[in-house]
Amino acid sequence: MLVSYLPLLFSALVFSQQITFTARNIYRLALPLFVGIFLMALPPVYLQDLPLTLRPLLSNGLLVGILLAVLMDNLIPWERIE
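Throughout the sequence shown, residue numbering follows numbering that gives the first Met the number 0, covering 0 to 81 in sequence.
Keep in mind that the hints were calculated from the coordinates and are not lab data.
Bear in mind that the values here come from a model prediction, so they are computed numbers and not experimental data.
There may be inaccurate statements among the hints.
[Unchecked claim] Quick list of the computed label-pair ranges, beta carbon to beta carbon:
(1) GLU78 / SER3: 34 to 42 Å
(2) ILE18 / ASN73: 13 to 21 Å
(3) PHE14 / TRP77: 29 to 37 Å
(4) TYR26 / GLN47: 30 to 38 Å
(5) PRO43 / VAL13: 25 to 33 Å
(6) ALA22 / TYR45: 28 to 36 Å
We put the beta carbon where it would ideally sit given N, CA and C, even for glycine.
Model the full structure from these sequences, guided by the hints.
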């Protein structure tokens, strides 16, 4: 599954070369990326105790990473963080 997302990751990394990296940008980029990769590598056995409605959503690392990035962008006051 990770192999199918590598072109997306590569295009995101090419785009990230245009960004000047500050602590704010690194956290906004790294946290959703690492959470998504962690969930993609997580064995399905660990998700068996979740309800059936949440299991497909939380087992998809790409979806969780995107949702986490959107939530972080809207809920954290980034302009106050230097």
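| task | Kindly confirm whether 13 to 21 Å is satisfied by the beta carbon distance between ILE18 and ASN73. | result | holds, 19 Å
| TRP77 and PHE14 - C-beta distance against the hinted 29 to 37 Å | Violated - the Cβ-Cβ distance for PHE14 and TRP77, about 18 Å, lies outside 29 to 37 Å.
| field | Whether the CB-CB distance between PRO43 and VAL13 falls inside 25 to 33 Å | value | holds, 32 Å
| request: Could you tell me whether the CB distance from GLU78 to SER3 stays inside 34 to 42 Å? | output: holds, 36 Å
| Lying within 28 to 36 Å: is that true of the beta-carbon distance ALA22 to TYR45? | Holds, since ALA22 and TYR45 (Cβ atoms, about 31 Å apart) stay within the stated range.
| field | Cβ distance range 30 to 38 Å for TYR26 and GLN47, holds or violated | value | holds, 32 Å
The structure fails hint 3 only (numbered hints given earlier).
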